[in-house]
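What follows is each chain in one-letter form.
There are 4 protein chains.
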Amino acid sequence: MYYRLLIDCQDRKGLVYKISKVLFEEGFNIENQQEFVDRENQKFFFRAVIEGEVNRETLLEKLKRELGEECNIRLVRDRKKRLFLMATKEAHGLGDILIKWFSGDLPVEILGVVANRENLRELVEKFGIPFYYIPAEGKSRVEHEKEMLEVIAPTNPDYIILAKFMRILTPYFVEKFPNRIINIHHSFLPAFIGANPYKQAYERGVKIIGATAHFVNNNLDDGPIIEQDVIRVNHQMSWQEMRNLGRDIEKVVLGRAIKLVIEDRVFIYGNKTIIL
Amino acid sequence: MYYRLLIDCQDRKGLVYKISKVLFEEGFNIENQQEFVDRENQKFFFRAVIEGEVNRETLLEKLKRELGEECNIRLVRDRKKRLFLMATKEAHGLGDILIKWFSGDLPVEILGVVANRENLRELVEKFGIPFYYIPAEGKSRVEHEKEMLEVIAPTNPDYIILAKFMRILTPYFVEKFPNRIINIHHSFLPAFIGANPYKQAYERGVKIIGATAHFVNNNLDDGPIIEQDVIRVNHQMSWQEMRNLGRDIEKVVLGRAIKLVIEDRVFIYGNKTIIL
Amino acid sequence: MYYRLLIDCQDRKGLVYKISKVLFEEGFNIENQQEFVDRENQKFFFRAVIEGEVNRETLLEKLKRELGEECNIRLVRDRKKRLFLMATKEAHGLGDILIKWFSGDLPVEILGVVANRENLRELVEKFGIPFYYIPAEGKSRVEHEKEMLEVIAPTNPDYIILAKFMRILTPYFVEKFPNRIINIHHSFLPAFIGANPYKQAYERGVKIIGATAHFVNNNLDDGPIIEQDVIRVNHQMSWQEMRNLGRDIEKVVLGRAIKLVIEDRVFIYGNKTIIL
Amino acid sequence: MYYRLLIDCQDRKGLVYKISKVLFEEGFNIENQQEFVDRENQKFFFRAVIEGEVNRETLLEKLKRELGEECNIRLVRDRKKRLFLMATKEAHGLGDILIKWFSGDLPVEILGVVANRENLRELVEKFGIPFYYIPAEGKSRVEHEKEMLEVIAPTNPDYIILAKFMRILTPYFVEKFPNRIINIHHSFLPAFIGANPYKQAYERGVKIIGATAHFVNNNLDDGPIIEQDVIRVNHQMSWQEMRNLGRDIEKVVLGRAIKLVIEDRVFIYGNKTIIL
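First to last, the protein sequences are chains A, B, C and D.
The opening position of the first sequence corresponds to residue 265 in my numbering, with each subsequent residue numbered one higher.
The opening position of the second sequence corresponds to residue 265 in my numbering, with each subsequent residue numbered one higher.
The opening position of the third sequence corresponds to residue 265 in my numbering, with each subsequent residue numbered one higher.
The opening position of the fourth sequence corresponds to residue 265 in my numbering, with each subsequent residue numbered one higher.
Hints are supplied without guarantee of correctness; some may be wrong.
Chain copies aren't distinguished; within one or between two, either way the pair holds.
[To be verified] As a list, the in silico DSS-like pairs of lysine-lysine whose alpha-carbon atoms are at most 30 Å apart:
(1) Lys463 <-> Lys277
(2) Lys307 <-> Lys410
(3) Lys344 <-> Lys410
(4) Lys390 <-> Lys277
(5) Lys523 <-> Lys353
(6) Lys440 <-> Lys277
Worth flagging that the hints you see were computed from the coordinates, not collected in a lab.
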């Protein structure tokens with residue numbers, strides 16, 4: 265049985281020694297171990313893939329005893345993470361997830377797709393995934409979110425993926441899923457926050473555009489960044505051409521971010537991510 | 265009506281003048297014009313998007329009169345190109361084309377998919393596209409190709425896209441579609457020609473891997489290169505992880521190459537491409 | 265004799281025809297020609313490298329007659345551009361220019377270096393280039409600039425290169441050299457405008473950092489962008505490590521921007537650059 | 265006092281535990297620790313920066329006792345590495361090292377430069393570094409190498425940096441400095457091994473070129489790769505333009521490789537590098 269052991273802690277001498285002592289004494293194989301110390305804030309992060317017969321409670325208790333109560337210790341069984349997807353009308357991010365999932369390249373469960381437009385229904389239903397069309401027109405933001413929550417919450421997702429969901433979520437929604445909502449923003453953040461970043465990029469005359477996958481918090485496009493990538497553009501491209509070119513970057517960046525998250529590689533610390 | 269005017273020619277003084285004179289006198293709007301002269305070989309390439317009421321024959325004749333018989337002049341109406349796809353068992357390249365086509369991001373007709381494995385049938389048929397399973401077992405290469413040609417040839421494709429078709433085509437097949445077969449090779453050519461380039465890359469310990477879209481000719485992985493891109497890797501990755509990471513690059517590179525080709529931007533000259 | 269013919273103009277039918285007619289009739293060889301039309305603003309840009317015996321006045325007059333008075337036509341003789349450099353204390357940008365210049369990779373004249381710290385004197389004087397130390401302490405911005413202008417202005421530079429000059433120039437200075445001052449900013453603009461962008465990037469937790477070469481106008485870090493490039497970073501890097509890594513990007517981006525500018529490839533239009 | 269503890273070993277259970285136990289018991293602060301296990305070959309690599317009062321012998325002995333004799337354990341004091349540079353006639357790689365060294369960005373000692381052309385003498389001597397011009401004409405390879413060794417060997421360098429030294433070293437020379445000679449090859453290896461890779465790249469029509477820093481062994485351009493990077497090119501560039509553009513990549517890649525090596529981050533294993 266494979267487990268992921270995830271620890272974050274105030275740094276002090278001997279943490280690796282104490283962790284590895286417990287793992288050694290309990291007879292685990294360590295398949296992969298990485299640690300990182302943020303010197304500035306004296307903060308310790310640890311991730312290991314361990315293999316063996318685990319008595320979960322015993323191991324956690326032993327670790328707690330060695331490391332002290334203030335350490336945050338998680339022991340995660342290697343299982344398919346459960347994703348709920350939110351979208352509006354663009355197919356590229358959503359379609360990429362569907363293809364990867366269908367072909368076995370993305371080991372997750374897809375619980376459903378909710379969208380505030382209906383045009384993606386046909387695509388989603390091709391793959392046998394429930395599609396919920398919940399228009400926003402004539403509703404307050406929170407009313408709209410409440411309707412979406414009615415379909416999302418009962419499925420108990422590990423993560424909610426905003427695959428080009430083009431509305432801003434309110435704190436009401438965000439606080440239901442702390443550090444569990446991932447958005448793809450179609451710019452190299454913090455450049456071009458907000459609406460139509462390709463148009464902003466075109467108008468600013470940048471020579472490179474990008475995309476950013478980040479956790480959603482209550483400040484627009486300001487959550488911890490998981491992954492980014494870029495592509496060169498030039499003066500010959502209209503902003504629509506930049507958008508079309510950028511879509512490939514968006515889906516690739518979102519895909520890489522999802523992979524990191526479902527492998528439990530991403531620690532959030534302050535407004536940053538540590539990726540082990 | 266929009267047309268693409270494509271000219272390649274031995275270079276000499278006044279070509280641009282003569283071409284633009286004809287276009288001006290005929291009253292065309294030139295939406296986009298690019299030319300390139302290969303100094304080394306004194307070779308001239310020209311592409312323009314022109315708009316206006318064309319009498320095709322008249323225009324071609326006038327251009328021929330001005331430029332001389334040795335110039336290669338094409339006047340291409342802006343219409344959806346017709347693609348036939350070939351694949352084996354991997355879904356990422358094929359799936360990306362299907363999603364782009366379905367969502368309108370790739371303005372082509374997809375005539376069908378032929379594959380030497382059957383596992384992609386379900387995916388392809390979801391999109392209402394004919395899928396032809398033609399196994400290669402127990403057949404000579406040419407016999408297998410003949411069977412595939414029986415389904416491909418009647419559809420009269422502009423281009424054949426090898427979306428991870430994992431067999432080598434013989435001259436018998438290639439010569440039927442000169443400069444019209446596009447392959448995606450999963451390495452940064454000319455590094456790692458041939459089988460399992462990710463394993464080759466892993467074993468060589470490179471720090472960057474890539475993908476190459478190229479026209480297919482009779483030398484393995486040696487046709488004119490249309491597009492390439494790369495991604496960083498490191499010693500922590502197994503070759504399977506490199507392959508998974510590389511798949512995103514493959515599909516993006518293939519997608520960009522298809523876009524260039526269907527917009528008639530790619531001139532082949534010797535073993536190279538000129539992209540206007 | 266080689267010349268660069270640079271034209272920008274309101275777009276209309278037949279511009280390329282008229283230009284190429286003049287060049288053809290005057291018997292020029294066109295070594296390289298590129299044009300671009302900004303459809304949105306109906307603006308035409310043209311650059312050609314032409315070779316032949318030019319009677320400058322005649323050619324310009326003929327072009328003016330064909331194109332009309334409102335076109336901006338320049339005929340630039342291929343000669344070494346004259347650069348004046350400004351720096352503060354970091355050696356990487358300045359050193360890179362000096363090495364390229366000394367080894368013949370950068371065909372320019374370097375007229376001098378002015379700096380508001382003295383530590384670069386030794387490096388600059390090794391290369392036999394005048395170094396002017398003009399401290400800013402106890403002076404108003406404009407007073408300081410006036411002193412610098414006293415050494416710069418008499419040398420009559422084509423371009424002023426800010427090779428990590430860490431002070432903000434006032435309109436008083438900038439207006440003396442419109443579109444002739446080039447700065448390297450150590451971030452991927454418009455992200456992280458202003459002071460210490462590496463620290464800003466570190467604190468925001470971005471996964472990629474960059475550098476931007478741009479013309480200086482009167483808004484901080486907001487002039488037309490000439491060139492940009494980026495490099496991946498990760499959570500393990502302190503901001504000082506990002507800065508060290510970024511220095512390579514800064515100097516490479518600045519070097520590419522200088523090359524584009526001295527080859528007269530950069531048209532400024534609004535707040536953007538067209539690069540032909 | 266800072267030390268780097270470097271260990272490579274056949275992998276087995278408990279290695280991290282045993283190492284961290286010794287470090288904990290001896291009271292070291294661990295500033296940075298990374299380990300990697302090559303699963304395929306069951307090989308363990310470990311690097312830590314440790315701080316404290318070290319009795320070198322005691323620590324090494326304790327570690328040996330815990331880990332067993334077959335482990336390769338090194339304890340390296342943090343001191344400036346000693347580099348000897350070899351070049352031919354191009355200034356960019358050499359110049360970049362000189363500027364970084366002179367400005368304090370590269371904490372090394374530069375013992376001297378040997379070259380088989382004389383034109384770099386002026387640049388090198390500007391920086392007060394001994395320059396040895398040792399022409400190869402009329403000598404066998406080994407004779408030439410013997411002459412170079414006469415100036416290099418007495419300086420006892422940690423590493424020899426081939427900053428565009430355009431001759432092939434024989435086993436006679438290479439074996440004197442096993443895993444201590446670093447070359448920059450001006451292509452994205454393994455593409456374009458051997459002479460004039462930019463010309464090869466131009467002729468093959470690739471869309472991206474690169475550079476590779478690698479250890480030198482007895483097979484041409486086939487030693488373990490330390491670092492690589494790339495840049496996009498297009499059909500408009502001559503091979504000379506590719507070369508000029510590539511020079512920036514060469515020097516940046518070489519600089520990054522030198523930095524990794526002098527920080528003792530590079531383990532060689534088979535024909536690959538592990539970078540911790």
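Item to check | Identical-chain pair category, Lys523 with Lys353, by Cα at 30 Å | outcome: The answer is both: 23 Å in one copy and 22 Å across copies each meet 30 Å.
Next on the checklist: If the cut is 30 Å between Cα atoms, do Lys440 and Lys277 qualify within a copy, between copies, both or neither?
Outcome noted: neither (37 Å within a copy, 42 Å between copies)
Item to check | Lys344 and Lys410: within-copy, between-copy, both or neither at 30 Å Cα | outcome: within (27 Å within a copy, 44 Å between copies)
Checklist entry - For Lys463 vs Lys277, is the C-alpha pair at or below 30 Å within one copy, between two copies, both, or neither? => result between (51 Å within a copy, 28 Å between copies)
Checklist entry - Is it within, between, both or neither when you check Lys390 against Lys277 at 30 Å Cα-Cα? => result neither (55 Å within a copy, 48 Å between copies)
Item to check | Intra- versus inter-copy proximity for Lys410 and Lys307 (alpha-carbon distance at most 30 Å) | outcome: Intra 37 Å, inter 50 Å, cutoff 30 Å: neither.
Figure legend: structure checked against the earlier numbered hints; hints not met, in rising order: 2, 4 and 6.
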